[in-house]
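One-letter residues, chain by chain:
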Amino acid sequence: MPLYLNDDQKMLQDSAADFMKGEGNVAHFREFRDKNCKDGFSHALWKQFAEMGFTGILVSEDEGGLGLGHTEAGVVLEEIGRNLTPSPFLATAVAGVEALNAGGKALRDKYFPGILSGDSVLALAIDEGAKHRPDQIAMAATREGNGFKLDGKKQFVVQGGSADTLIVAARTSGSAGDDKGLTLFAVDTNSSGLSRDSVRLVDSAMAAHVEFDGVVVDADAVVGEVDEGGAVLQRMLNAGRAGSAAETLGVGAGAMDITVEYIRSRKQFDTIIGSFQALQHRTAHLYSEMEIARATVLKAQQMLDEGSSKADMMVSVAKAKAGNTTALSVREGVQMHGGVGMTDEYDIGLYMKRDRALAEFMGDANYHTNLVAEMHGY
Amino acid sequence: MSDLESFREETVAWLEANCPPEMRQPMVDENDICWGGKNPTFKPGQKEWMDKMAAKGWTVPDWPKEYGGGGLSRAETKILLQEMGRLKIRSPLSSFGIWMLGPALLHFGTEEQKLHFLPPIARGEVRWCQGYSEPGSGSDLASLQTSADDKGDHYLINGQKIWTSYADKADWIFCLTRTDKTSKHKGISFMLFDMTNKGVETKPIVLISGQSAFCETFFADVEVPKSYGDGVSSVVGEVNRGWDVAKYLLGHERSMISGDGSSGATSLGSKFADQFGRDEMGRLDDPMLRAQMAEMDIDVLAFRAMAERFGDTFKANLCHPAQPNMMKYAGTEINKRRHELIMSAGGSEVLEWESDASSGGLTARGWLRTKANSIEGGTSEVMLNVVSKQILQLPNA
Numbered sequence: 001m002p003l004y005l006n007d008d009q010k011m012l013q014d015s016a017a018d019f020m021k022g023e024g025n026v027a028h029f030r031e032f033r034d035k036n037c038k039d040g041f042s043h044a045l046w047k048q049f050a051e052m053g054f055t056g057i058l059v060s061e062d063e064g065g066l067g068l069g070h071t072e073a074g075v076v077l078e079e080i081g082r083n084l085t086p087s088p089f090l091a092t093a094v095a096g097v098e099a100l101n102a103g104g105k106a107l108r109d110k111y112f113p114g115i116l117s118g119d120s121v122l123a124l125a126i127d128e129g130a131k132h133r134p135d136q137i138a139m140a141a142t143r144e145g146n147g148f149k150l151d152g153k154k155q156f157v158v159q160g161g162s163a164d165t166l167i168v169a170a171r172t173s174g175s176a177g178d179d180k181g182l183t184l185f186a187v188d189t190n191s192s193g194l195s196r197d198s199v200r201l202v203d204s205a206m207a208a209h210v211e212f213d214g215v216v217v218d219a220d221a222v223v224g225e226v227d228e229g230g231a232v233l234q235r236m237l238n239a240g241r242a243g244s245a246a247e248t249l250g251v252g253a254g255a256m257d258i259t260v261e262y263i264r265s266r267k268q269f270d271t272i273i274g275s276f277q278a279l280q281h282r283t284a285h286l287y288s289e290m291e292i293a294r295a296t297v298l299k300a301q302q303m304l305d306e307g308s309s310k311a312d313m314m315v316s317v318a319k320a321k322a323g324n325t326t327a328l329s330v331r332e333g334v335q336m337h338g339g340v341g342m343t344d345e346y347d348i349g350l351y352m353k354r355d356r357a358l359a360e361f362m363g364d365a366n367y368h369t370n371l372v373a374e375m376h377g378y
Numbered sequence: 001m002s003d004l005e006s007f008r009e010e011t012v013a014w015l016e017a018n019c020p021p022e023m024r025q026p027m028v029d030e031n032d033i034c035w036g037g038k039n040p041t042f043k044p045g046q047k048e049w050m051d052k053m054a055a056k057g058w059t060v061p062d063w064p065k066e067y068g069g070g071g072l073s074r075a076e077t078k079i080l081l082q083e084m085g086r087l088k089i090r091s092p093l094s095s096f097g098i099w100m101l102g103p104a105l106l107h108f109g110t111e112e113q114k115l116h117f118l119p120p121i122a123r124g125e126v127r128w129c130q131g132y133s134e135p136g137s138g139s140d141l142a143s144l145q146t147s148a149d150d151k152g153d154h155y156l157i158n159g160q161k162i163w164t165s166y167a168d169k170a171d172w173i174f175c176l177t178r179t180d181k182t183s184k185h186k187g188i189s190f191m192l193f194d195m196t197n198k199g200v201e202t203k204p205i206v207l208i209s210g211q212s213a214f215c216e217t218f219f220a221d222v223e224v225p226k227s228y229g230d231g232v233s234s235v236v237g238e239v240n241r242g243w244d245v246a247k248y249l250l251g252h253e254r255s256m257i258s259g260d261g262s263s264g265a266t267s268l269g270s271k272f273a274d275q276f277g278r279d280e281m282g283r284l285d286d287p288m289l290r291a292q293m294a295e296m297d298i299d300v301l302a303f304r305a306m307a308e309r310f311g312d313t314f315k316a317n318l319c320h321p322a323q324p325n326m327m328k329y330a331g332t333e334i335n336k337r338r339h340e341l342i343m344s345a346g347g348s349e350v351l352e353w354e355s356d357a358s359s360g361g362l363t364a365r366g367w368l369r370t371k372a373n374s375i376e377g378g379t380s381e382v383m384l385n386v387v388s389k390q391i392l393q394l395p396n397a
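So the sequence lines, in the order shown, correspond to chains P and S. Mapping to the working numbering: the first sequence position 228 is 228, numbers consecutive. Mapping to the working numbering: the second sequence position 147 is 147, numbers consecutive.
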């Protein structure tokens with residue numbers, strides 16, 4: 001498979017680009033931020049995502065979706081990143097759906113209709129500390145009657161306050177650090193004993209601290225097999241990481257575009273500042289890094305779609321490379337904008353904030369760089 | 001079975017039956033490269049392998065058969081190279097004739113020039129060198145001054161070239177000369193001549209690596225015939241339009257130098273972990289070096305994806321014409337960083353310059369050699385200039 005988008009994927013890219021630019025643009029983002037919306041995104045826009053078919057990209061055709069892959073999900077996410085579109089797409093339609101794809105038919109029948117119609121929002125309850133450490137998950141799920149009782153705390157549950165369902169990773173046996181003993185659950189946010197405290201993040205998205213105080217779920221809530229959730233979690237993380245790498249790439253590309261546009265028109269010393277070699281070389285270096293990051297992200301998506309056994313490695317490479325590159329893009333963006341780069345009026349700062357939040361989602365560049373070393377056996 | 005599958009099967013069978021065992025050993029250094037030429041130095045197996053491959057046209061598999069090539073399609077060429085890589089078979093012949101002059105002649109040459117010059121290149125009979133840079137013309141190559149004065153039936157060449165790779169070992173040179181002093185870019189010609197001509201002198205340049213792959217080349221009243229036979233002009237393309245040929249070849253050279261940024265090697269961390277020892281978690285027991293090697297893994301694997309994408313988009317005509325400049329910049333900068341890390345990992349042992357233990361300073365010499373990567377074929381700074389002007393459309397100062 002050549003490492004560029006095919007004609008169908010390009011058509012999807014065009015329609016996603018038009019849609020985000022028209023409906024989910026930066027002005028829309030500012031509107032929802034400024035009215036201090038408790039969700040941090042528009043449910044009406046989420047319904048439109050569903051009408052466009054986007055929420056069913058990873059859902060099979062038999063189950064009413066488009067039956068497409070991670071490459072197509074990435075195409076949509078890159079446009080989301082480029083336009084700073086606030087939506088629960090990544091957690092719900094990409095990572096969430098991928099977890100449910102690894103679960104039983106009953107679960108998919110229960111949740112897919114709401115996702116396909118844009119009525120349902122999923123959130124992911126994985127992290128328990130300030131940094132993403134899925135191998136250290138300690139939250140307990142103990143057997144209780146026909147099901148399990150969940151006790152513990154999760155944080156950085158993005159859009160957890162708006163979600164109707166959480167995908168929760170917990171321990172049914174063993175202890176933190178063990179390979180086995182993890183189980184994934186689909187938990188109704190209305191469950192008794194579950195409390196959520198939503199906080200606004202630096203990028204204006206909402207994330208929840210979630211407390212589980214004896215939350216009882218039945219055996220039907222298990223996604224995959226009991227004690228064998230590691231594999232499901234890995235599948236969900238791969239989808240979420242490749243997806244967030246694609247969104248990050250969009251943020252970096254958007255930031256680079258507005259920065260290049262700015263230095264092409266801004267004059268100082270009676271000269272267009274973009275004619276200064278000091279800026280040209282840094283911008284050209286950034287372009288080079290962005291191109292490499294784009295190739296890397298697409299490679300990871302294609303490998304996931306092919307079911308390659310080496311996909312884990314490339315997904316981590318993509319998350320790290322896209323993260324490093326977009327961090328460079330937004331830093332250079334603010335610096336090259338000069339004073340106005342520090343103002344809320346200009347968009348470049350919004351890109352910097354979005355990148356910062358995305359970097360932490362499912363592991364930052366350092367986390368994934370370390371993983372790549374471990375996968376290489378050192 | 002598809003045609004390509006049976007081609008693969010036949011190719012593997014032929015390679016295994018015909019490749020001498022010496023040619024399946026890994027290459028140690030530059031001395032293991034087979035260059036051919038009129039005064040060749042063959043190591044065991046090299047000549048046999050070169051001749052066998054040349055007889056099939058597989059020293060230049062994708063050139064047309066009438067010019068000594070194999071006439072293979074792109075897909076077949078890819079299969080041949082894949083299988084040679086998989087079977088760890090060395091390239092039968094390396095030369096600037098294959099890499100540079102061949103593509104130029106195939107693109108700009110007359111039929112007679114192609115028939116005259118290409119087959120001896122494919123057979124490894126004539127070794128070529130490239131006369132581009134001059135002492136005063138590096139990044140600003142088009143300012144070159146080596147003159148070729150029209151003397152009726154011949155040109156009279158005077159001047160000096162520098163960084164002429166293996167000029168002291170080459171039989172012929174493809175050389176940029178000034179045929180018109182009134183126009184900078186439209187006064188250059190792409191000329192072919194014999195290095196044994198009277199007035200040609202070469203002097204190897206000793207580099208910081210201690211090696212001398214490059215020469216200074218001097219021309220004092222060298223007489224170059226205008227024609228080597230019917231239709232076989234000594235000038236490729238039109239007189240005074242040699243810059244077009246040079247630019248075409250620079251693009252070609254830049255994508256070649258970029259390589260895959262990794263010299264085909266695997267993760268440095270996994271290679272050095274055993275040498276360094278591991279901590280109780282199995283990690284390379286030097287946290288800073290481990291971190292740097294992991295970052296290198298990320299950048300090498302990422303650039304490998306980029307090289308694949310570049311190749312795919314290039315073939316499909318989807319990539320920006322200035323993209324080879326970006327590839328050259330990124331690939332060479334990664335390779336330099338990689339060799340810095342290799343030196344750091346080797347510590348004091350790789351400082352040894354002549355010992356047997358260090359294979360004569362192989363690591364250190366290789367490290368120093370990489371410093372030229374971002375200078376030769378256009379410096380990194382020139383690459384960034386091209387990207388910022390042609391791709392990002394940033395204005396001139």
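Keep in mind that the hints were calculated from the coordinates and are not lab data. Certain hints may be false.
Only pairs whose alpha carbons sit at most 25 Å apart, straight line, appear in this in silico BS3-like list of lysine-lysine [stated by the list, open to error]:
hint : chain 1 : residue 1 : chain 2 : residue 2
1    : P       : 10        : S       : 226
2    : S       : 389       : S       : 315
3    : S       : 271       : S       : 114
4    : P       : 310       : S       : 88
5    : S       : 88        : S       : 114
6    : S       : 88        : S       : 78
7    : S       : 203       : S       : 186
8    : S       : 271       : S       : 88
9    : S       : 169       : S       : 198
10   : P       : 47        : P       : 35
11   : S       : 389       : S       : 169
12   : S       : 169       : P       : 310
13   : S       : 88        : P       : 267
14   : S       : 226       : S       : 38
15   : S       : 78        : P       : 310
Quick rundown of the hints versus the structure:
A hinted pair counts as satisfied when its Cα atoms are at most 25 Å apart, and residue 10/P with residue 226/S does not qualify at roughly 53 Å. Our distance criterion of 25 Å between C-alpha atoms is met by residue 389/S and residue 315/S, whose separation comes to about 24 Å. Between residue 271/S and residue 114/S, the direct Cα distance comes to roughly 46 Å. Violation of the 25 Å bound is thereby established for this hinted pair. Among the hinted pairs, residue 310/P with residue 88/S is consistent with the structure: their alpha-carbon atoms are about 23 Å apart, no more than 25 Å.
Between residue 88/S and residue 114/S the CA atoms are separated by roughly 32 Å; this puts the pair beyond 25 Å, and the hint is violated. With a C-alpha separation of about 15 Å, the suggested pairing of residue 88/S with residue 78/S holds against the 25 Å cut-off. Between residue 203/S and residue 186/S, the direct Cα distance comes to roughly 30 Å. Violation of the 25 Å bound is thereby established for this hinted pair. With a C-alpha separation of about 19 Å, the suggested pairing of residue 271/S with residue 88/S holds against the 25 Å cut-off.
Between residue 169/S and residue 198/S, the direct Cα distance comes to roughly 16 Å. Compliance with the 25 Å bound is thereby established for this hinted pair. At most 25 Å may separate the alpha-carbon atoms for a hinted pair to count; residue 47/P and residue 35/P meet this at roughly 20 Å. Of the supplied pair hints, the one linking residue 389/S and residue 169/S is violated, its CA atoms being roughly 39 Å apart against a limit of 25 Å. Of the pairs offered as hints, the one joining residue 169/S and residue 310/P is violated, with about 45 Å between alpha carbons and a cut-off of 25 Å exceeded.
Annotation: proposed proximity of residue 88/S to residue 267/P is violated, straight-line Cα distance about 57 Å (limit 25 Å). Of the supplied pair hints, the one linking residue 226/S and residue 38/S holds, its CA atoms being roughly 23 Å apart against a limit of 25 Å. With a CA separation close to 23 Å, the supplied pair residue 78/S and residue 310/P stays within the 25 Å bound.
Checked against the numbered hints above, the structure breaks hints 1, 3, 5, 7, 11, 12 and 13 and satisfies the rest.
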